[in-house]
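Top line first, the protein sequences correspond to chains A and R. Note that our numbering has the first sequence beginning at 1, numbered continuously upward. Note that our numbering has the second sequence beginning at 1, numbered continuously upward.
Treat the hints with care, as some may be off.
Label-pair distances were calculated between CB atoms; the ranges are [stated by the list, open to error]:
1) 622(R) <-> 523(A): 51 to 59 Å
2) 519(R) <-> 411(A): 51 to 59 Å
3) 162(R) <-> 523(A): 31 to 39 Å
4) 524(R) <-> 361(A): 40 to 48 Å
5) 210(R) <-> 350(A): 54 to 62 Å
6) 606(A) <-> 210(R): 39 to 47 Å
7) 632(R) <-> 523(A): 43 to 51 Å
8) 205(A) <-> 587(R): 21 to 29 Å
9) 617(R) <-> 350(A): 22 to 30 Å
10) 47(R) <-> 361(A): 36 to 44 Å
11) 632(R) <-> 22(A): 52 to 60 Å
12) 617(R) <-> 680(A): 34 to 42 Å
13) 332(A) <-> 519(R): 39 to 47 Å
14) 321(A) <-> 622(R): 42 to 50 Å
The set of hints was computed from the structure by calculation and includes no laboratory data. Quick caveat: nothing in here was measured; it's all calculated off a predicted structure. Beta carbons: idealized from backbone N, C-alpha and C, even for Gly.
Read off the chains here:
Protein chains: 2
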Amino acid sequence: MNIPIAFWLVPIASVVALGMAYSFFRSMMKAEEGTPRMIEIAGHVRRGAMAYLKQQYKVVLIVFIILAIIFSVMAYGFGVQNPWVPFAFLTGGFFSGLAGFFGMKTATYASARTANAARKSLDGGLKIAFRSGAVMGLTVVGLGLLDIAVWFIILNYFDPDGLISITTTMLTFGMGASTQALFARVGGGIYTKAADVGADIVGKVEADIPEDDPRNPATIADNVGDNVGDVAGMGADLYESYCGSILSTAALGAVAFAATGEMQLKAVIAPMLIAAVGVFLSIFGIYLVRTKEGATMRDLLHSLSLGTNVSAVLIAAATFGILYLLQIDNWLGLSFSVITGLAAGVIIGQATEYYTSHSYKPTQKISEAGLTGSATVIIKGIGTGMMSTCIPVVTIGVAIMLSYLCANGFVMDMNASALSQGLYGIGIAAVGMLSTLGITLATDAYGPIADNAGGNAEMSELGEEVRHRTDALDALGNTTAATGKGFAIGSAALTALALLASYIEEVKIAMHRSGDIIVNLAGEEIDAINATIPDFMNYFQVNLMNPRVLVGAFIGAMAAFLFCGLTMEAVGRAAQKMVEEVRRQFREIKGILEGTGTPDYGSCVEISTRAAQHEMIVPSLLAIAIPIVVGCVLGIAGVLGLLVGGLSSGFTLAVFMANAGGAWDNAKKMVEEGNFGGKGSFAHKATIVGDTVGDPFKDTSGPSLNILIKLMSMVSIVMAGLTVIFS
Amino acid sequence: MNIPIAFWLVPIASVVALGMAYSFFRSMMKAEEGTPRMIEIAGHVRRGAMAYLKQQYKVVLIVFIILAIIFSVMAYGFGVQNPWVPFAFLTGGFFSGLAGFFGMKTATYASARTANAARKSLDGGLKIAFRSGAVMGLTVVGLGLLDIAVWFIILNYFDPDGLISITTTMLTFGMGASTQALFARVGGGIYTKAADVGADIVGKVEADIPEDDPRNPATIADNVGDNVGDVAGMGADLYESYCGSILSTAALGAVAFAATGEMQLKAVIAPMLIAAVGVFLSIFGIYLVRTKEGATMRDLLHSLSLGTNVSAVLIAAATFGILYLLQIDNWLGLSFSVITGLAAGVIIGQATEYYTSHSYKPTQKISEAGLTGSATVIIKGIGTGMMSTCIPVVTIGVAIMLSYLCANGFVMDMNASALSQGLYGIGIAAVGMLSTLGITLATDAYGPIADNAGGNAEMSELGEEVRHRTDALDALGNTTAATGKGFAIGSAALTALALLASYIEEVKIAMHRSGDIIVNLAGEEIDAINATIPDFMNYFQVNLMNPRVLVGAFIGAMAAFLFCGLTMEAVGRAAQKMVEEVRRQFREIKGILEGTGTPDYGSCVEISTRAAQHEMIVPSLLAIAIPIVVGCVLGIAGVLGLLVGGLSSGFTLAVFMANAGGAWDNAKKMVEEGNFGGKGSFAHKATIVGDTVGDPFKDTSGPSLNILIKLMSMVSIVMAGLTVIFS
């Protein structure tokens, strides 16, 4: 097939993104790192982080080798899979890991530099932290587009089965990325929260010393954790989301326009082009974030919002242009699908903000509950978190219906062609939401950098002033990150839905390869690949009264809870060990609390590393095993039930956990700002308990769930060949 | 239609159950109530409970009147509903309320008498408490069978549309029962937990006085709460489960055997007969629970287990007999469906026991986490609760598949007739699990009675010895209740599934009434009532890729979380008020803590009453409104998605909340038994926080969820006529 000229925008965008990332990295490295003490501490954190990452990659490597062998056997031994799959899978994992690695490397170099710049001014700190965040944002999108472009070119030349086959094969590299991301999020999440919870319980509650105090033995581990969990984990995670949305939409495009030669190709490259244009707009947005010397918080906030909002508005406008120039069928409707997605992202972001910021009632009430003790703080936090699921879910519901209907020209009847066109619209809405990831991720990733800069400042005893500035930077990030978070959450749901549809296509291809037929609704025997969705659903009895579907849905819902339970338990266990170790050091090493003895930071780093490495394996393997087992026992109907159950309840659970955790965090901050008794008061201790419980909610279990949902779909897709044999 | 002679066993069983309940009640009333102080306290609690119940019934009455008017308009105004529906609905609500009322009346009379008997011996206390629990158990099954029998006789004479119409109309009284049950569980749950949490936080944690101490102003409210929440709420709840399982199975039987005249009638009355025989076996089991003078704990435990286990084994055996004598098609397979259900109940019960009893690792670990503070207790408890969902869900999954396959003769193909016969098997499995409710509820309901007896003993200052005995009785109940709980949880899931199928039948009837046709899979236009499930699913495009189904599933999952969030928040708010009031009294009324001043119990009762009355309205109405709104906006496909999403995620959430709450409760008890520092230690305070958070988990939100799931199905069924208009 001739690759259209427009496609080449994709590799160009990729190279530009990576080039810009490199140049930002270089310019950050040129800044001074500060006092010898600052350099020393940053060195500790960097070495700890790298040491952990090496351990994590070792474990992941083994898993990847095993999976790649299985795929090779399936592809070359039994012929139930495309021969490119093992390679695509490996590159996805590799690039996802690389995105996390680069992000973390940058972050660990940037923290001392940010703290050093913050010694002079607020805007100096912002510039370094934000540009370093941008390195991560641009690396993720650059590597994502690179992988997509290269594979598209390769498969286009070598895969004889056409675009449907090409796009579903490319989805396999999504599975690689998801697997890597899950390990990164779970491992990093356990690492960081074990250290954080342990440090808080003994340091803040028992010994009454401030956060990041150098007297706390767990403080280096805590700072390492911010890097491996919040930075490396987030990088791998969003790499997966970004590629997943583009690839699943491409696959749906290939199906929706299968009957039309040239249009099909256009539908496949449209999501890639939107993403490519998004890269340029992100870079434009990043340059909009500039601050004057001596800027106030207000100026900085304005500047950051300007960057993200302008990028979002421009990508909305650009979508109309891209789809019009492609002359794709119903370009106007599809563009409105993208608008729907963007609007949903903004609403979800605002709702998240409302439920988790202490500028609003819900979080204020949690703070107030601190007056009656930690139990009421926990009860109110859980209540608030659960109620906060309402707006995001309803919004996603409306976005699904609208992006579906816009894309198929408001055909309410769910017939075969209306269905596949509508599903393509849902996918493209997700792509729109993630297309400006370059900048939204920058505002997200700079949070942990500012946080670490604060840690560095505290440990280097740079004084209140600097710490205030880094705290302000951190708070700033939390405020602007709302929209970015809304986009990330919303697009995860839409992408998961698109993956559901891709699963059906993959099953059809697997059947086509083994020469299986399907009896369509008219009663004719047809090649599986020509079956419409209603044909498929009827043939495999995928209806809501089929007990296999229902049992699958039950297991899907349970899987989300089980997974969270495992990760929560892991954090709990590791945190207990950490608490015991810190208490031991306070007891046994003389003069720690007086500042005359040196704590043994290394042993705490060791505890987190070992816990993370050990505890990440079971939940991650479970996520891979469940869809395979369900597929073998309950067949295709069971798998679809599993994915729908997992998606609906996993998404809701993820929103609940993220928001409850965020609200507890800010409720504590509100008390620390002097409300309800302020620091050291009864309410403060009560809200610290809330914050501590919220830590694994918002930074371990919650974010991992979004990957879990998609990984289960990805595994089902890649293993479709196996399910077909068993069905 | 001629009612077969066997049917008359149902009203006979009902009358026998009610007669036995009355005789147990009389004999309990003959026992002495104890010292004047004991009588006075019991009087306080009784009056408080009755006063609250009156308030609750007033609110519920208004809701019932409004709903009955709506149903009347639908039935008589628009003709989209059976004219008997408004009446059936009202009787269901009335009887469900009555079951709760009688149970509570008995419990409030029994508590002082139990305490008084426990002054002499352990077995004396057991006898009174258990027989009083049996009053509730037998009242629930007696009233349930009475309502079913009367309506079946009436409709059999007056409804011309045959058994399918009769059975689905009868389901309406299930909606009445569910509505009443939801208000009772939510209102009662908020009442009791507001008082309990408030009493614990100030009394146990802050003022260091024991549970139920008369110096605590919230103590009467706490004891009232046990009655209105745990007794009246549970009574209404299980009345609903009991009737729901029988009615939905009867409805499925009418459909599965629609083609066969006489067999259809047999299939309809079979679940009623199993329940009727279950009544006699329950009474037999109750009489097996007899103890010798001076019996040890071991003897008592043995005696209680004997009663419940013998009843369960006998009902399993009896089912073979009943179905054989009825000469129902595939009687052997259907009997094995019942065995499957019973086995599932036992497994779920054991798993619940494993995760919540401190004889096992999970709860022991939560206790141990107390050593590192309340945050780790909460984290571990949530982790354990989430992981504990695995076994119940997998068990239910296996039970669904097996009871389905046993009932249809292992036809793996989900064709129309295999499907409806299999679904009938799932329903009958649920009936088997609940058929011995007479005795299992007795072991459940006697727990709060023993608990209240303990409260009475403490407040009357009867001395350690008596309190120890009542605590032992309470602990005993917790141990034997495991199987009963397993049956209740498992049957709820299976019944909800049966209701899902009933919804489809109701839609078909509604369409039939308005003369709508359905195009079947062969492309022919047929009367809706003759459509098979696959026809129906294809015609309404109820497949898993239809965005309406998916959005429905999302909303269903969210509804469960929202509902829990609302009830958690309600408890949190009310508990805070309670804490403030108790603190105020400690501060302002002189000599309370020294025992010289009298606390103002009334103001605490008032706070709980007002909070419950006020806070139960929104969550309850939401449960009714959501399916109606979804039906109008997303049509039949959306409703089915909603119910599946709500069922799968609501069930899992309910298990999580119940088990986490139970585990926290027992983790605290373990510390109180002298482990990890014992009473008053750091670990004790930490585990009390866990227990306090667990209170609304296990006694408000968790149990309400089971009703919510079924109420949403019931509302959908009753409102099917409306959905048809909008679809």
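Consistency of the hints with the structure:
1. 622(R) <-> 523(A): 51 to 59 Å: Cβ of residue 622(R) to Cβ of residue 523(A): about 45 Å, so the range 51 to 59 Å is violated.
2. 519(R) <-> 411(A): 51 to 59 Å: violated (18 Å)
3. 162(R) <-> 523(A): 31 to 39 Å: Once the Cβ atoms are compared, 32 Å apart, the range 31 to 39 Å for residue 523(A) and residue 162(R) holds.
4. 524(R) <-> 361(A): 40 to 48 Å: violated (58 Å)
5. 210(R) <-> 350(A): 54 to 62 Å: violated (48 Å)
6. 606(A) <-> 210(R): 39 to 47 Å: holds (44 Å)
7. 632(R) <-> 523(A): 43 to 51 Å: violated (35 Å)
8. 205(A) <-> 587(R): 21 to 29 Å: About 27 Å separates the Cβ atoms of residue 205(A) and residue 587(R), which means 21 to 29 Å holds.
9. 617(R) <-> 350(A): 22 to 30 Å: holds (28 Å)
10. 47(R) <-> 361(A): 36 to 44 Å: Distance hint for residue 47(R), residue 361(A) holds at roughly 37 Å.
11. 632(R) <-> 22(A): 52 to 60 Å: holds (56 Å)
12. 617(R) <-> 680(A): 34 to 42 Å: Given range 34 to 42 Å: holds, Cβ gap about 40 Å.
13. 332(A) <-> 519(R): 39 to 47 Å: violated (33 Å)
14. 321(A) <-> 622(R): 42 to 50 Å: At roughly 44 Å between Cβ atoms, residue 622(R) and residue 321(A) fall inside 42 to 50 Å, so the hint holds.
The structure is inconsistent with the numbered hints 1, 2, 4, 5, 7, 13, although it conforms to all the rest.
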